[in-house]
Every structure is written in C-alpha cells, then in structure tokens.
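Asks: The residues making up each chain are set out below.
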Amino acid sequence: MTTRIVELRRGILKKNDELAAGLRQRFTAAGVLVVNLVSSPGTGKTALLERTLRDLRTRGLRVAALVGDLETDNDARRLAASGAPVRQINTHGICHLEAEMVGKHLEGWELGGLDYLFIENVGNLVCPSSYDLGERIRVVLLSVTEGEDKPLKYPTMFNSADAAVITKMDIAEPCGFDRALALKNINEIRPGIRVFETSAKTGSGMEEWLDYLVEERGLER
Amino acid sequence: MHELSIISSVVDSVMESLAAYPGARVKEVRLRVGALAAVVEDSLQFCYGIATEDTPLAGSVLVVKTLPVRVHCVPCGQDVEIESLQSFRCPVCGEPAADLRQGRELEIESIEIEEAEEAVGP
Ligand SMILES: Nc1nc2c(ncn2[C@@H]2O[C@H](COP(=O)(O)OP(=O)(O)OP(=O)(O)O)[C@@H](O)[C@H]2O)c(=O)[nH]1
Ligand SMILES: [Mg+2]
Ligand SMILES: [Zn+2]
Ligand SMILES: [Zn+2]
Chain A
1 MTTRIVELRR GILKKNDELA AGLRQRFTAA GVLVVNLVSS PGTGKTALLE RTLRDLRTRG
61 LRVAALVGDL ETDNDARRLA ASGAPVRQIN THGICHLEAE MVGKHLEGWE LGGLDYLFIE
121 NVGNLVCPSS YDLGERIRVV LLSVTEGEDK PLKYPTMFNS ADAAVITKMD IAEPCGFDRA
181 LALKNINEIR PGIRVFETSA KTGSGMEEWL DYLVEERGLE R
Chain B
1 MHELSIISSV VDSVMESLAA YPGARVKEVR LRVGALAAVV EDSLQFCYGI ATEDTPLAGS
61 VLVVKTLPVR VHCVPCGQDV EIESLQSFRC PVCGEPAADL RQGRELEIES IEIEEAEEAV
121 GP
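Keeping their order, the protein sequence lines are chains A and B. If you read the first sequence in the numbering used here, its first letter stands for residue 1, the second for the next number, and so on. If you read the second sequence in the numbering used here, its first letter stands for residue 1, the second for the next number, and so on.
If you are wondering where the hints come from, they were derived from the structure by calculation, not from laboratory data. The beta-carbon is built from N, C-alpha and C at its ideal position, and this holds for glycine as well. Take these hints with a grain of salt, some might be off.
[Claimed, not checked] Cβ-Cβ distance ranges computed for the label pairs, FRET-style:
id, chain 1, residue 1, chain 2, residue 2, range
1, B, Pro75, A, Leu111, 38 to 46 Å
2, B, Thr66, A, Arg78, 40 to 48 Å
3, B, Val61, A, Thr2, 54 to 62 Å
4, B, Pro91, A, Glu107, 47 to 55 Å
5, B, Lys27, A, Gly108, 43 to 51 Å
6, A, Gly42, B, Thr66, 45 to 53 Å
7, A, Glu215, B, Gly59, 49 to 57 Å
8, A, Glu208, B, Glu81, 30 to 38 Å
9, A, Ile5, B, Gln102, 37 to 45 Å
Bound-form chain B, shown alone (with noise of 0.2 Å):
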C-alpha cells in the first residue's frame, strides 16, 4: 500500500500549508507524477477519498497529470521522449539512453482553495 503513504503525505502537506488560509477549503489539488513514479492512478484516487474524509480536503478533487519518461540522448544531443517504459532508447537515433531527465516526479503542483469571507490571505 505504498499509494496510502503517499496521500497521507500529501494530505499532510495541504493540511500544512492551509494553516496559512484559516478556515479556507481545500477544491482541488495537482499532482505531477512521473511515469516511471510507480504509482498507479486509480489506487491514489480510492487512497484519496479516504484520507481526506473529516478534514478541509473532503470532497475536494483529486488531479494527476502524468509526465513523460524523457531521456538525455547524446548522439542526438537533445532531450527526448522515449515510446515505452520498456525500451530505454531514443526515437530518433535507436540508441540506448541512460540519462534520465524526467519520469520520477511525486509532486504536489498546486491546491486550489476556497477562502472564508474575512480572511486575508499572507
């Protein structure tokens, strides 16, 4: 249940920065996920529902927007966007590429927050 500890983490996190929002509810939060996280969507979301019940991150929306595995290749001397997790290769010139440049992200992006009438933001 590694997908658990990550959204608790998350959870935690929002719950942090919400201190600086008193009485602000949380709409949406954004996560970037690299494809090569090892993460898989649908157990963040079960996970999600869960861990936000009873706190100001219930019924908020959950975004995950996955990045691509991108590669440094250095025939081609670019950055490149390999097709399948199970090829470390680039798509231009065929040849293997170790240099990983994105694809383990597990980041928070943003939150979205509604705030209460007489709160002023810092």
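So here's chain A without its partners, still in its complex pose (with noise of 0.2 Å):
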C-alpha cells in the first residue's frame, strides 16, 4: 500500500458556478439586467415585484419574472397578474434557487425582447448566498417586522448583497422599527450598500427603487 496525497483545489460548488457563468454571459449579450431577489420568508418579495413589475410596465420597459417556490405556485400567480410573463419554478422541497434550475426555465423565452428578468428565490437566509444564477445585481430584502440585526445574524448574506431594500415601511412606527439602527447594521456588513426604504402597500419608496433599476440598465448599455 502506498499513501499519496492528490491536490485537487476544486471549488465544490464548480458545477453551479460555470453554469452560472455560462448565464451572465446570455444575459449580458441579450442585455437583460438580471435581478435576483433573497429575504426570509414572507419579507414581501412578491409583494415588491407585484408593483415593480407593474410600474416598469408602465414606464413602457419589458419585464419578466422567475419565482422560486418550494410547493406553491400562489406567488407566480400573483406576479402574472401584472401581464408581465411569470413562471414558476417549483424546488420541491430544496431550499434555494441553483442555477440549472434558472437555465431550465428560460427555454423558449426569447431574452433579447427583454428589459429586465427577475428572480424571486425561496424564502432564506443562508444557502441562496452560495448559489451564482447568472445574475447581475442581488437584491437582499429586510422588513421593518423582523429585526434590525438580522444584517448582523446573517453577515453571508448581507455582505453578498448588491442593494437593499427595507420594506413594509407602512408599518415601520407601529413596530417600533428603529430605523437608524437598521441602517447602521446593514452598513457594518456591506459597508456603502444602496439602501432602500419601501411600502408595496402605500407604493412609498417605488420611484427611487424604480430610478434605481433604470440607471442600473443605463450601464448594462
């Protein structure tokens, strides 16, 4: 018997990497900006991409969304609602969104008539920040309902976040939200983030979202 030692030095999540990879670049030649959107559960991504799909809509740009559910298709109903093309991707039971799911269901969808994908992925905090979808801005969503050191209980994925938005600002007084604190934590983790403060209730906040998403594909150009 002979011991060797076999250098490997392979990421383990190569396989989702490249084909996110192989993504970004479809996406960057389509010149759709690809968005993709992580929270906890019930933080109200469906709810911002409700109005923000129907706004673009209305600023005549061209929208579509993924959304990631375990079993439902409740969210991909709610989206579709906004005329914009909505499908749902359905993990059965896995817990984050991977990138072969996302290439899976973008067959048939012509990406160069589109403006902007979105992509809601499942409800959670921790292994969505592992998994690359091709993306090109990831969005970390946080409500005014849920604490404001959740940035400090899950530094993984604040930190890999592109922009933030806080939301169900309608509530924010009621809860006692303490708004600079928030801010605060979110800053100690991903130091200059954009922030954004949001009520898909009251429509508060859409428009410098809505500016945002739109300088941001002014760069895409």
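Take the two lone chains, each set in its own frame, and fit them into one complex as the hints suggest.
Replies: This is how it looks when you write it as structure tokens:
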C-alpha cells in the first residue's frame, strides 16, 4: 500500500458556478438586466415585485419574472396578474434556487426581447447566498417586523448583496422599527451599499427603487 | 439542508478524481471553507458520515480548514483580517472596508488516498 496526497483545489460548487457564468454571458449578450431577490420567508419579495413589474411596464419597459417556491404556485399567480410573463420554479423542497433550475426555466423565452428579468429566490437567508444564478444585481430584503439585527445574524447574505430594500415601511411606526439602527447594521456588514425603503402597500419609496433599476440598466448598454 | 448538498458535491468530485487511481481507498478529504461561506462544520461532519457510506470514502476523515475573512483597506493600502463577522472594518484604522478578498471559499483542497498494490498513478 502506498499513500499519496492528491491536490484537487476544486470549487465545491464549481458546477453551479460554471452554469451561472454561462447564464451571465447570455444575459449580457441579450442586454437583459437580471435581478435576484433574496430574503427570509414573508419579507415581501412577491409584494415588491408585483408593484415593480407593474410600474416598469407602465414606464414602457419589458419585464419578466421567475419565481422559486417550495410547493405552491401562489406567488407566480400573483405576479402574472401584472401582465408580465412569469414562470414558476417549483424546487420540490430544495431551499434555494440553483443556476441549473434557472437555465431550464428560460427555455423558449426570447431574452433579447426583455429589459429586465427578476428572479424571486426561495425565502431563506442562508444558502441562496452560495448559489450564483448569473444575476447582475443581488438584492436583499429586510422588513421592519423582523428585527434590525438581521444583517448581523446573516452576514453572508447581506455581505454578498449589491443593494438592500427595507420593506413594509408603512408599518414601521407601530412596529417600533429603529431605522437608524437597521441602516447602521446593514452598513456594518456591507459598507456603502445602496438601501431603499419601500412599502408595497402605499407605494412609498417605489420611485427611488425604480429609478435605481433604470440607472443600472443604463450602465448595461 | 445546504450542508448535505455541499457534501454530496464533495463526494461526487472525489469519486471523479478516484477514477485515475483504480482500487484506491480514501483516507482523508481536506476542505478549505471561508468563514463567510455559511456552512457549519458539525453539520458537514454529520452529513459526511452518511454520504460516504458504501463508497470508497467510507471511514475517511473530513478535515475542514476555516479561512478567516480578509478585506482590502484602502486607507492602509493592504489586506487585513476582520475581527468579527458583524463588522466589516479595518482593525488597524477602523474604516469600513467593503472589498472582500477572502472568506467565501468552498473548496476541496486535497485528498489522501491509499493506492492498491499494483496500481500505477498517472
Ligand atoms: N403592511 C405591509 N405588508 C406587506 C408589505 N409587503 C408585503 N406585505 C405582507 O407580508 C406578507 C408576505 O408578503 P410576500 O410578498 O408574500 O412575501 P415573500 O417574501 O414573497 O414571501 P415568500 O415568497 O413566502 O418567502 C403578505 O401578507 C403581504 O401582504 C408592505 O409593504 N406592507
Ligand atoms: Mg414570495
Ligand atoms: Zn438551500
Ligand atoms: Zn485600515
């Protein structure tokens, strides 16, 4: 018997990373801005997207969405009401989306005919951070009801985000939401990140969020 | 169960590499995991035991090397290790540091194998 050390130096998620890199190339070539939305369950991803899809369409932009869900098609139906093309990715119990699932669900879609593609990830603040989906922008959502210290408890997710949205601002006061503390915590984990404060109920803060999306799309060209 | 899917990829990957060493048995698998990779070592170890059953990896040791988070500090002009995952600041000058240089790794570094007598490595 001889013992031998074999150097591998291989990324464990290499397969996902390669598929994601391929998707990113396709998205860039097609000129579609892809946004991956991540948060805890119930933070308001679908609610923010419902308004975002509707409002971008009103501005004459072409949008579509992929929505990951463990078991139901509720979110996909809510989003489809905006009139935008929407596809549901049923993960059958897997708690995050992977690049392969995204790739499969794009079949038959003319990406060149889109300005934006939104991907609503499965509600989970842990593993979606490890799976690149080929997105240009990763947006993490935090609602006023879930505690200002969420960024400190989930530094991996907040650190990997390109922008953050504080949702449910309409109920910030009754919830005793400490806005300054939440902003400080987000910045402690991801210094300099853009933060938006929205309410999907009243529409407050939507303009700024939409302007950001339009600006980012400008950079794409 | 994020750790289980990670361990399954590790096992698949090691099995692929073993194709070059027919009859070899795995003694040790070494991973490099960044402190910001969002995986828990206990959970990796637990899943490893289950996922390697009835494979050439059965009974092997999983060694997890944790890499600290390093960021580039612009004012100091150097890479520094942050002191806490709750604060991305340079420990030298105290300035916020957003430029991550190490800490998200999720890699198989190497494996230690025991080759069968007559086998000749590539
Ligand atoms: N008051 C208020 N409630 C909101 C707002 N946004 C979402 N909600 C409510 O919060 C609950 C969850 O919202 P969703 O949009 O389904 O959350 P989600 O993040 O998509 O949830 P999952 O997909 O299950 O992870 C629903 O009852 C929404 O009506 C908001 O801006 N204000
Ligand atoms: Mg939803
Ligand atoms: Zn998961
Ligand atoms: Zn410094």
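Asks: All hints are to be evaluated individually against the structure, with a verdict given for each.
Replies: Each hint tested on the structure:
| no. | hint | in the structure |
| --- | --- | --- |
| 1 | B/Pro75 / A/Leu111: 38 to 46 Å | holds (42 Å) |
| 2 | B/Thr66 / A/Arg78: 40 to 48 Å | holds (41 Å) |
| 3 | B/Val61 / A/Thr2: 54 to 62 Å | violated (18 Å) |
| 4 | B/Pro91 / A/Glu107: 47 to 55 Å | holds (49 Å) |
| 5 | B/Lys27 / A/Gly108: 43 to 51 Å | holds (49 Å) |
| 6 | A/Gly42 / B/Thr66: 45 to 53 Å | violated (32 Å) |
| 7 | A/Glu215 / B/Gly59: 49 to 57 Å | holds (56 Å) |
| 8 | A/Glu208 / B/Glu81: 30 to 38 Å | holds (36 Å) |
| 9 | A/Ile5 / B/Gln102: 37 to 45 Å | violated (23 Å) |
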